[in-house]
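Novice: Below are the chains, spelled out letter by letter.
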Amino acid sequence: MTSDVTSGRSNVSCRPNVPCRPNVSCRPNVWFYAVRCVLAAKENRISLFVLLACITCNEFLFNGFTAVAWGQDINFRQQIQPILAKKCYACHGPDSTHREAELRLDQEDSAKGQAITAGDADNSELMVRILSTDVQSVMPPPESGHSLTPTEIETLRKWINQGAPWQQHWAFDPISKQELPKVVQFADGAGAKNEIDRFIYRSIQAAGLQPSPTAEKHTLIRRAYLDLIGLPPTFEQVQAFVNDTRPVAFEKVIDELLASPQYGEQMAVSWLDAARFADTNGYQNDFYRSMWPWRDWVINAFNQNLSYDQFIIQQIAGDLLPAPSNDQMIATGFNRNNRSVTEGGSIEEEWQVENCIDRVETTAASFLGLTLGCARCHDHKYDPISQKEFYQFYAFFNNVDEKGVYNERRGNTEPLLSVPTATQIAALEQLQSRIAGLKAKITPAATSTTELLNQWRSQNSTAGQDSLPSPIFVAKLTPEVKTLGMSPAGPSLQLTGQPDSVALPSPPDFLFKNDQAFSWSAWITGDSRGAIFGQMDESDAYRGVDGIILGDGRVKIHLISQWRTDAIAVISKVSLPKDQWTFITATYDGAGKASGYKLYFNGKKVNVEVDIDALNGPISPKVLFKIGQRSQSELFSGQLADFRLYDQLLSDDHIVRSMKHAVVANYDSNLPQPSQDYSAAQEVATQFINSLEHQSITQKIGELQVEIDKQKSQQQTTMIMRDRPEYRETYLLRRGQYDQPETSEPLWPAIPKALPQLTAQQPNNRLGLARWMVDERNPLVARIAVNRAWYKFFKRGLVESVDNFGRQGAPPTHPELLDWLADDFRKSGWDLKRLHKQIMSSATYQQSSNLTEEFAALDPANQWLARGPRHRLGGEQIRDLALSISGLLQNKMGGPSVRPYQPDGLWEELAGGANDGPYKHEVGPDLYRRSLYTYRKRTVSHPTVASFDAPSWEICQVKRSITNTPLQSLALLNDVTYVEAARNLAQQMLHQAAQNKPNAAQVAQENSVAQAIEFGFQSTVLRKPTIIELDTLTNGYQQYLTYYQANPDQAEALTKIGESKSDTSLSTTQLAAMTSVASILLNLDEVITKE
Amino acid sequence: MNLHDESIRNNRRVFLKSSGISLGSIAAASLGFNPLTAAQANWVNNDTGLRNASEPSGGLPGLPHHKPTAKRVIYLFQSGAPSQYETFDYKPGLRKLAKTELPATIRNGQRLTGMTSGQSSFPIAPSMFDFKQKGESGTWVSDLLPHLGQVVDKGCVIRTMHTEAINHDPAITFFQTGSQLAGRPSMGAWVAYGLGSMNQNLPDYMVMVSRGTGRAAGQPLYDRLWGSGVLPGKHQGVKLRSAAEPILYLSNPAGCPPEIRRRMLDDLQTLNQQTLARTMDSEVATRIQQYELAFRMQTAVPDLMDLSDEPASVLEKYGPEVHKPGTYARNCLLARRMIERDVRFVQLFHMGWDQHDNLPSHMSKQCLDTDQPSAALISDLQERGLLDDTLVIWGGEFGRTVYCQGQFTEKTYGRDHHPRCFSIFMAGGGVKGGTVYGTTDEFGYNVVENPVHVNDLHATILHALGIDHRKLTIPFQGLDLKLSGVEQRNPILEILT
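Top line first, the protein sequences correspond to chains A and X.
Heads up, the first sequence is in this note's numbering, so the first residue is 720 and it goes up one at a time.
Heads up, the second sequence is in this note's numbering, so the first residue is 5 and it goes up one at a time.
Hints in this document: simulated from the structure, not taken from any laboratory.
Where is the CB? At the ideal position from N, CA and C, for every residue including glycine.
Mixed in with the good hints, there may be bad ones.
[Claimed, not checked] Derived coverage of chain X by chain A (criterion: at least 3 residues anywhere in the stretch with Cβ under 8 Å from a Cβ of chain A; other residues may be distant):
#1 105–119
#2 166–178
#3 183–196
#4 248–254
#5 257–268
#6 376–382
For reference, chain X alone in the conformation it holds in the complex (with noise of 0.2 Å):
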C-alpha cells in the first residue's frame, strides 16, 4: 500500500457517503469557495492578524508523539563552516602557544583534507579577535558577534557539535539530510511530511540563499540541500527568490491581469468539474484545488515580501542591508514574516564561509552582515510572542582547524577543515535560556564532554517539534529512512525545557 491508495481510500469513504448528491455538487462543495467571490476575495486573513492557521493538516497520523516545545524552525546556515575560534569556542589558553607546533597526540591520527594533508608543519594559531562574557549568562562570545551577545541569554551554545564529513558538498549534505549521500529527504521535508501544513496560502518548507561579503567565490549550494529525496516532492523546499519573480512562475504573464486570470481559472474549473464528473478521479480535484491554491499564492507571497507594513523602527533593528532584497537580513526578517504566517520550516542558507585564509578580515565582513540580523530575528521574534515556540538555529557544517593553513603572520591566517568539533547556537522553541553544552579541550580541537553528532541535532529538532526521531520513518533501500540515520542517536534533552 502506498501512500497515494491509502489517501484514495479515505476519499472514497467519504465520496460514497455522500452518494445521492452529485458529484459535481461534491467537487464543488469540497473545493469550499465560490467563484464568483473569489476573485474578490482577500486570501490572507488579516482578522486575526496575519495568522489564518487552523488546526495542522496534512500530517502523518499520530504526530506529534509527545508535547512539543516547537511549532516552527528558522534555520540559519552558514554555508561553508565558521570558525569555533573566532566564535563561540573560547580558548585564551591558545595564545601562549601560539605558532608551536600543534601535539600530535591532539590530532592523532586524524584525517585531513588534501588541501593540508601536505602541510610539514601544524602550528597553533590563536583567534586575533578578544572574547567577552555577555548576558546575565556571562557566556563568552567573540567580539565579532556584538549582537548575537546580546541575545545569548535566550539560548544555547552548543561547543561540541561533531560531523563525519571533512569536505562541503558531503558535509552540508550529512547536515541536510542526514547522510552523505545523495538522494535522502532534507530536514525540511521531513518535518513538513511529518506534521503537514499550519497555513493556507504558503508552503510548508521555505528556502533563502544570501551570498556573503567575506569569500568572493563561496562554497555553491544545490537544489539537494532542500530536496524531498524520497519522500514525495510537495514537501520540498520551495525556495524564495530575491528577483523579480520570489518563487518560480509566480507571475501572471505581460499583458494577463488578476482579473482575466481569474476568469481563466474560473473558466478551466468548469471544464475540469466535467471531467471531474467524468472520470470520478479524485486527482481531479486536488487537480482543480491546487489551481486555487496557486491563485492565492499570487497574494500571499507579494504580501509577504511586501515590507511597507513594517515600522521603521523594525527594519533598523535588522541593520541597513534590510534594505537591500537578497540580503542575509532581508532574508531574516522575510524568516519572521513567514513564520508569522505560520512557514513550518524556514531555511536561510548564508555563503561565504570559508575561510582557509585571510579569516581575520573575511571572517569580520561575514559576521558583520550576519550578526546584526541574526540577533534581530531573535528578539524581533520574542517581542511578538513567537519565539517561545519557534526554533532558532545558527551555524555550519563543521568547524575549522586551530592550526594555521597557508600563510601565518600577525594580520593573518587561514583554518582548515575540522570536523571533530565545533560550535553552534540555538534559540527559543524551548532552549534552555543562557546555557552553554559540551566541553572542547584546551586546543579547542577534540570532545572532552558532551558530544552532538549531526545526527543527535537531527534528534533534538526532531524532539523539540514533539516528534520521536526513531519513529518519523520511510521504507527506502529495504531501511526504516530516518532523518537521525542508521546508529543509535539522542536528542540532547539537557538543553531543552
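Next up, chain A with everything else stripped away, as it sits in the complex (with noise of 0.2 Å):
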C-alpha cells in the first residue's frame, strides 16, 4: 500500500480471474516449451551440453526463450493459441457481432482459407499485417490496447513455416487415458512414491531441476494437517509423528485426518467460497437469512465421503430426483445462495434475470471452469460459446419458483424446505393425529344425502330454474380419446397433461374484452393442476384470459393486455381441498380492476391475493379457446367437469343455486336406472354433500391446520431449488437487458454446441444437466475438479487459472498428469478422500518447501513442483490456529452461525445499526467457534478474515488472493482475538514452567524462563526454538518483565483482555510479560504460514 516497501514484493498472489497481465510474456508457454525442447532433444540427439547451456542462460531465463532458434516443433497449444486468444480473438473470434473481416483465428478453416498460407509465413497475410508499418493495416491495430512481443511474432513465424499445426482447445478434447512416464532417478536417489511422481518428475528433470528433499517430519504432519483439518496438530502429536519410524507413518496420519470430523469443515472453506455461501441477503437492506442447513449439508458431505458426482448432482438437481430426501433437497441450496433485492420498487423482471444469470455463472465457474458470463451480452469473445446458447444454457436455471424482488422481506424467501427439530416433529405428528381422529368422524350419511337432495331440489323448484342465467356456452365433454370419470354435475374428463386439447366443436362465440363483464364455472378434482380453460396468446404477451391450478392447488386467474406490466393476476389464498371435488366459480364486473375479480369454492367467496392489478389495454387475443389449457401452455392434469361461461356477473346466490341445481340434475338424472353411472353417481354425490355437511368438523380441521401452518412456520427453515408449476419462457436478452428480450425465438433448455450433447437420459432440465456433467463424455467437471484439489494443496494449479479453462486460461502445465489424476478420478468413483490422499502420498507433496538459489533462478513460480508448497494460511486457519494452540477453540459443529469478537460499531456505521441491530459478540463458548462459523454479513465483511482475503461472498469465487499488508500485522497484533489467545498461551506456558519447578518463586529464574518459552514455541511452531530464538525471547522476556513490574497497572490492564478468565493463581506481571511473548509467537511468519 506505500512506496517502495511493498511496491515489487508484496503478496499479490493470484487474485480469482487474474490469470495474467497483458503484455507480459507468459513463462508458462516459455518453461514448457524448455521441456518440450529438452525432450525432442533427447531424440534428436541435440547436445545436452548446448542445452544446458541454454537453460542456465539469463537471456532464456527472463528475456524469453525464442523456440526459432532450435528448429523445435512449435506446439500449437502451448504457443500459439495463448497469443491467438489474447491479441487476436477480440475482432476474429467467436462473437460474431465484432467480427472484423469475416476473419476467424479461433477457427482452422477461416484462418487458413484467408490469412495463413501453412509452410509460408511470408506469404500469409497475418504476417504480413503483423509486420506491417502502416497504422492503417497493422495489426493488431494500435487502437485495442494489443501488441505483439518480437518472441511473439517470430513463434508464429516459425509455426506457420512448419506447416501451421492446428488443434482443438486442449479443454474441450476428451479426458484421455495417459501411459504412466517412465521412471526418473535423480543423482541423489530421489525416487517417485506413486504414480504423480512419474508424471512431475519427468517434467523436474526436464527443466533441469532435481527435486526437494523429504520435508522435515515435524513439516510435514503439520503442512498435512493444516491441509487436511484447517487446524495445527499438537506438539505430542507431531512427537508421535517424528518418533514413528514405520514406513506406514505417514500414511496412518492422513487416515486419521481423512477420518477426522474437521475434515469437512476444512474442505467446506473454499466451497463456501464458490457457492457465495452468506448469512444475509447481501444487497442494501442485508436481512438475515438462514441457509446453514446447506453448510451443514457441504460439511457432511465432505465428511461421509459423498462421491464428487453425487454431490454435484444433488446440488444442481437434488429436487428432482425420484423421491428426494430432505438431504438431497437441502443440497439445492446451492443455488440459492445468491444475493436477493429486497429494495424497495426495485423491477421484478430485472432482479429475476440477475439471479438467473447470477446462477449460470456459478454454476459454470465452479463445475465447467467457464466464464459463460461473458455471453450474456454478446458472442464470447474468446470461447465458443454464442449468446444463443448462454440463454439455452440460462433456461435450465430460469424456471425457478421465485420472485425477483422481495420487496422489504426479512429471512428466508420460498421455494422453502423445513429443517424441524425432534420437539417440534412431535409437535406436528400429535396435530396431524387429532386431523386424522375428526376426519374419522365424517361418516357417509346416505340418508342425509337424500334428505339434503330433497332439500335442494324443492329450493330450485321454488325459485324456478328459470330465474338462474343461462350460460352462454357449456363445453360439452365427450371426446372419445379421453377417460370419462364422474362428477358431481355429470360426466368429467381426466386429462394427463399431454398436450392434445380438448376437441371444442364450437367454441363459444364471446369476446374477453377488459369492460365486458362475465363469469365461468367448473367442477374440479383437488389434485388437477394447469389450466382449466385458456385463451391466451403466448406468443404476444400472453394477451388473454385463463384460469389456472398452481403446483399447491391455488387457483390463479389473469386478465392480460402485457403480461405483467398491463394485467390483473389474482390468486386464491387457499388451495383446493384435497381429494374432494370442488365446484370453482370466478366472476368478473368489467370494471379493469383486480378487486372486480372474484373467485368461489363450493359457492362460498375465496379471499384472495392480487399479485397485479395494472390492466389498461386490451386483452382479446387472436388465438382459439381452449378447454384443459392455455394456447400452448399450462396442459392440464386431472379431472375437470361441467365447465360455463357467462356473459354476465353472477351474483352470490346465482352461484349457490347453480351449484345445487347440477347436483340434484344429475342425480336425478341418473335416478332411475341402476347402472354403473347411477351408483357413480350416487357415490360422488354423497361425497360432496358430506363435505358440505360436516362443515363444523372440516371447520375444526381447518383450524388445526391453521395451526399446524403456524408450527411451521416458526421451524428452521433452508432455501432449495425448485421449480414453478408455469414454465417460464426463455429468451435471448439483447445487450443482455432484461427489457429486451428477443420473443421471435423462445430457447429451451441445451449445452452449448462445443461440448458434448444431452443424451436421450438426460432429460433437458437440471436434472438432465447435472447427469450430463458428470457424464464419462463430459471433458471440463473431472478435470476441473482434480485440478481444484491440486490447488488446494500446492495453492497453484497444474492449470494455473483454476477458475478458466477456457482458451483465456493459462494451458497446463502438466497436461498428461492432469487428465491421468481426472480419468483415474472417476474410475475411482469420483472418491475425493481418496484424491486427496493419493496427492499427499506423492514425493511431490512432501518435499520440503525452502528455496534455494538454484530455484530461485528457474523456477521461482514452481510451476515444475521440484519443492512443497510454502503459502500463508487462509483467514479463517490463521484465527483457528490461535484459538486451538492458545487453548480457547471450541469444537461444536454446525447449526446457526455465531458472532465472535468484531470492533464496535462496524454494522452501525454503514448500516446504521438496520436489519441486524448492533452487532453483540457471544458470550460463553460460541465466541470461540471455527472462523467457518462466523456470521457472513455480506455488506459488512467481518474483519479478522476478510483482512485476510476472505471473499465478501457476494459472487462466486474460486481463488483467493494471497496479500500481505500492514492491517494484517495490526489485525493479529492487536485484535482482542489474538491478545486473548496470547494470554491463554501464556497461562500454559507458565503453569508448564511451574510443574518443572514446583517453587513458583522460582519460575522467574532464567532457568525456567526458558522452558516456559521453549514449551510455547514448541506448542506454535512445533519444533525446538535455536540459540537465537530461545535467547532473543528469553532476553524479551526479561525487558518486558521489567517494564510490568515497574507499571503493574498496564500488566494487570494486559491480562485482562477477553472473555477468558485470567488465571490468578499466576503473577500477573509475569503473565503481562509472557503474553508479549507469546504474541509474537503467534505472528511469526512461520506459524501464520504452511511450509
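Hints are included, so try docking the two chains, each in its own frame, into the full complex.
Specialist: Below is the structure:
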C-alpha cells in the first residue's frame, strides 16, 4: 500500500480471475517449451551440453526463449493459441457481432482460408499485417491496446513455416487415457512414491532441476494437518509422528485426518467461497437469511465422502431426483445462495434475470471452469459460446419458483424446506393425529344426503329454474380419446397433462374484453393442476384470459393485455381441498380492476392475493378458446367437468343455486337406471354433500391445519430449488438487458454445441444438466475437480487459471498428469478422500518447501514443483490456529452462525444498525468456534477474516488472493482475539514452567523462563527453538517483565483482555510479560504460513 | 504468469546479483532501518512540510500514459442522490407549469421504480428554492448552496450526467465500480493499482463515511463500494472511522505501550529473519516490512487525525460541525490533511440524500451539512497550492424526477429516482474553472446536448490522472475488465485544461 516498501515484493498472489497481465510474456509457455525442447533434444540428439547452457542462460530465463533458434516444433496449444486468444480473438474470434473482415482465427478453416498460408509465413496475410508499419493496416490495431512481442511474432512465423498444425482447445478434448511415464531416477536417489511423481519428475528433470528432499517430519505433519483439517497438530502429535519410524507412519496420519470431523469443516471453506454462501441476502438492506443447513450439508458431504458426482447432482438438481430426501433437497441450496434484492421499488423482471444469470455464472465457474457470463451480452469473445447458447444454458435455471424482488422482506424466501427439530416434529405429529381423528368422524350419511338433495330439489323448484342465468357456453366434454369419470355435476374428463387439447366443435361465441362482465364455473378435483380453460396468446405477451391451478393447488386467474405490465392476476389464498370435488366459480364485473374479479369455492367467496392490478389495454387474443390448456402451455392434469361460461356477473345466490341445481340434476338424471353411472353419480354426490355437511368438523380441521402452518412457520427453514408450475419462457436478451427479450424465438434448455450434447437419458432440465456434467463424455468437470484439489494442496493448479479453462485461461503445465488424475478420479467413483490421499502420498507433496538459489533462478513460481508449497494460511485458518494453540477453540460443529469479537460500531456506521441491530459478540463457548461458523454479513465483512483476503461472498469465487498488508499485522497484534489467545497461551507456558519448578517463586528464574518459552515455542512452531530464537525471546521476556514490574497497572490491563478469565494463580506481571512473548509467537511468519 | 510471479522474479534478480552477501544482511538492508533507532524515529518527515512523498512506487509500468493534470482525487460522494432541481440545474420555466402533468412525450416510455410506477398522475414540481448567478462565470447555483456558489468559478458543473440504474444499490455500485454487478474493483482501487503510492505511511485509498441530518434512515453503504474486487486486496479502500480507533486494530491493546510494542517488533523481526534465511521466501521479507509499516501507521494516523495544529481560522472555514468527529465537515478537513500527506484517492460518503418526500426541509438540512465544508475544502486546497493537482468531485448516484412523488402541497413535495440526467460539480486537478457542461431540456428531464455517461466520467477521472481508460485493464471472466465498462466511452476533454 505504500511506496517502495510494498512495491515489488508484497503479496499479490493470484486474485481470482487474474491469471495474467496483458503484455507480459507468459512464462508457463516458455517453460513448457523448454521442457519440450529437452525432450525433443533427446530424440534429435542435440547436444545436452548446448541445452544446459541454454537453460542456465539468463537471457533464456528472463527475457524469453525464442523457440526459433532451436528448430523444434512449435506447440499450437501451448504457444500459438494463447497468443491468438489474447491478441486477436476480440475481433477475429467467436463473437459474430464484433468480427472484422469475416476472419476467424479461432477456426482453422477460416484462418487458413484467409490469413495463413501453411508452410509459408512470408506469404501469409497474418504475418504481413503483423509486420506492417502502416498504422492503417498493422495488426493488432494500435487502438486495441494490444501488441505482439518480437518473440510472439517469431513464434508465429516459425509455426506457420512448420505447416501451421492446428489443434482444438485442450480443455474441450475428451479426457484421454495416459500412459505412465518412465521412472526417473535423480542423482541423489530421490524416487517416485506414486504415479503422480512419475509425471512430475519427468518435468522436473526436463527443466534441469532436482526434486527437493522430503520435508522435515515436523513440517510434513503440520502441512498435512493444516491441509486436511485446517488446524495444527499438537506438539505431542508431532513427537509421536517423529518417533514413528514405520514406513506407513505418514499414511496413518493421513487416514486419521481424513476420518476426522474437522476434515469436512476445512474442505467446506473453499466450497463456501465458490457457492457464495453467506448469512444475509446481500443487497443494500442485507437482511438475515438462514442457509446454515446447507452449509452443514456441505460439511457432512465431505465428511461422509459423498462421491463427487453425487455432490454435483444433488446440489444442481437434488429436488428433481425421484422421491428426493430432505438432504438432497437441502443440497440444492447451492443455487439459492445468490444475493437477492429487497430494495423497495426495484423491478421484478430485472432481478429475476440477475438471479438467474448469477446461477449460470456460478454453476459454470464452479463445475465447468467456463466464464459463461461473457456471453450474456454478446457472443463470447474467446470461447465457442454464442449469446444464444448462453440463454439456452440459462433456460436450465430460469424456471425457479421465486420472485426477482422480495420487497423489504426479511428472512428466507420461497422455495423453502423446513428442517424441524425433534420436538417440533413431535408437536406436528400430535396435531396431525388429531386431524386424522376428526376425519374419521366424517362418515357417509346416506339418509342426510337424500334429505339434503330433497331440500335442494324443492329450493330449485320454488325459485324456478328459469330465474338462473343461462350460460352462453357449456363445454361438451365427450371426446372419445379422453377417459371419462363422474363428477357431482355429471361426466368428467380425466386429463394427463399431454399436449392434445379437448376438441371443442363450437367454441364460445364470446369476446373477452376488459370492460365486459363475465363469469365462468367448473368442477375440479383437488389433485388437478394446469389451465382449466384458456384463451391466451403466449407469443403476444400472454394476451388473453385463463384460469389455472398452480402447483400447490391454489387457483390463479389472469386478464392480460401484456404480461406483468398490463394485467390483472389474482391468486386464491387457499388451495383446493384435497381428495374431493370443488365447484369453482369466477366472476368479473368489467371494471378493469382486480377487486372486480372474484373467486368462489363451492359457492363461498375465497380470500385472494392480488399479484398484479394494472390492466389498461385490450385483452382479446387472436387465438382459439381452449379447455384444459392455454394456447400452448399449462396443460391440465386431473379431472374437470361441466365448464360453463356466462356473459354476465353472477350473484352469490346464483352461484350457490347453480351448484345445487347441477348436483340435483345430475343425480336425478341418473336416478331411474340402476346402472354403473348411477352408482358412480350416487357416490360422488354423497361425498360432495358430506363435505358440505360436515362443515363444523371441516372447520375444526381447518383450524388445526392453521395451527400446523403456524408451527411450521416457526421451524428452521433453508432455501431450496424448486421449479415453477408454469414454465417461464426463456428468450435471448439483447445486450443482456432484461427488458429486451428476442421474443421471436423461445429458447429451451440446451448445452453449447462445442461440448458433448445431452443424451436421450438426460432430460433437458437441471437433472439432465447435472447428469451430463458427470457423464464420462464431459471433458471439463473431472479436470476441474482434480485441478482444484491440486490447488488446495499446492496453491497453484496444474492449470494455473483454476477458474478459467477457456482459451483465455492458462494451458496446463502437466497436461498428461491432469488427464491421468481426472481419469483415475472418475474411475475410482469420484472419491475425493482417495484423491486427497493420492496427492498427499506423492513424493511431490512431501518435499521441503525451502527455496534454493537454483529454484529462485530457474523456477521462482514453482510451476515444476521441485519443491513443496509454502504460503500464508487463510484468514479462517489463522484465527483457528491461534484459538487452537491457546486452548480456546470449541469444536462444536454446525448450527446457526455465531458472532465472535468484532470492533464496535462497524455495522452501525454503514447500515445504521438497521436490520440486524448492533453487533453483539457471543458470550460463552460460541465466542471461540471455528471461523467457518462466523456470521457472514455480506455488506460489512468481518474484519478478522476479511483482512486476510476472505471474499465478501457476493459472487462465486474459486480462488483467493494471498496478500500481505500492514492491516494484517495490526490485526494479529492488536485484535482482542489474538491478544486473548496470547494470554491463554502464556498461561499454559507459565504453568508448564511451574510444573517443572514446583516452587512458584522459581518460575521467575531464567532457567524456568527458558523452559516456559521453549514450551510455548514448541506448542506454536512445533519444533525446538534455535539458540538465537530462544535467547531473543528470553531476553525479550526479561525486558517486558522489568517494564510490567514497574507498571503493574499496565500488566493488569493487558491480562484482562478478552472474555476468558485471567488465571489469578499466576503473577500478573509475569503473565503480562509472557503474553507479549506469546503474541510474538502467534505472529511469527512460520506460524501463519504453511511450509 | 500472475503478478505474484513477476514480483518474485524481479526480486530474484536482485537477489542473485547480490550473491556473496549473507541473506540476513540483504534482508536487513532492504528494510532500510535500524531496529535500534527505529523506536525513536519520527516517521512523519516534517522537513518537507508534511509531504514525504518520493517518486510514486508500486504502480504499473508504463503509467501514467500521458501527462496528468491531477495527482490525487477527493470524491465527495452524496449518497442517496441529491436533486438536480435544487442544486445545479436551474429550470425557471417550471414554475409556470407547476402541478401540470408531465407530458408523456417527455417521459417517453422511461422505466420507473416500483415506487411511482403505480402513480396515476405525474405533476410537475418546480424547485421551491431560488437560484442565483454566482462568480464571474455567472453560473446558476441554488440558494441552498451559497458556499459552493462562492467557489463555482473553480470548477465545472456537469448537468448532463446519466446512468443506467434506477435503484440505489446497483446505481452506487455502478458509480463506484463501473458495473452494477458485484465483484468489480472500485475506482479508488483501480487508481491505486494503476498509479501506486506516493507516500510511506498511509494507505493509497482512504474512505470516510458520515450520516446526513436530512433523512433519519438514509441508504446504507457497503464495503463493496470501496472494495478491490478482482484486484489484489491491498488496493481496497481503508475506511477511516470516527471511533476511538480510526483504522481497525490500529491501537495497541491496553497495557502495551509503544516501547513494549517496539521491542516485540524487534524480537519478531529477529525471528522472522531466521525464517527468511532458511526459506529464502521473499514473502517473509515483505511480511517484515509490513510489520514496520503497521508500526509507522500507528504514528502517522493519529498525527493525521490530530487537529491541534490547525489554526482557528481554518477550522472556522469548515463550519461548526468540524469540531465533531464523524461529521461531513470533519471528514472534509481530514480529506485535506490526507491530500497533504499524498494519499492518492480520498473518498467521502455522506448519507441521507434520498428525498422521496419532504424534500424542501430534508434537502435544506443535507445542504447545510455539506455546502460550507465542501466549499471550504476547495478553497483550503487552493490556498495551499494543492487544488491544481487535486481533482475534487461532488455528486450522487443519479438524479431526481421533475414530477412529484407522494404528497404535493405548497410547502412540500418529493422526488423519485431519475437516471436520465443529473448534475455534479468538479473542481481542481485540471478542470476548467467557471464552466458548465451539457444542456438538459426545459423539464430537466432529458439530455439535449453533451450527455456524460457514468463510464464517461470514469474515463475523465482517469484521463486527468494521466491514464488512458482503455489501457487500464485486468483480465476478468474472459474480458479485459475496465473501470469504464465494455461500451466505447470517452473522457470529456472539453472540461479539462
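Novice: Hint by hint, say whether it matches the structure.
Specialist: Verification of the supplied hints:
{"no.": "1", "hint": "105–119", "verdict": "holds (count 4)"}
{"no.": "2", "hint": "166–178", "verdict": "holds (count 4)"}
{"no.": "3", "hint": "183–196", "verdict": "holds (count 4)"}
{"no.": "4", "hint": "248–254", "verdict": "holds (count 5)"}
{"no.": "5", "hint": "257–268", "verdict": "holds (count 10)"}
{"no.": "6", "hint": "376–382", "verdict": "violated (count 0)"}
The structure fails hint 6 only (numbered hints given earlier).
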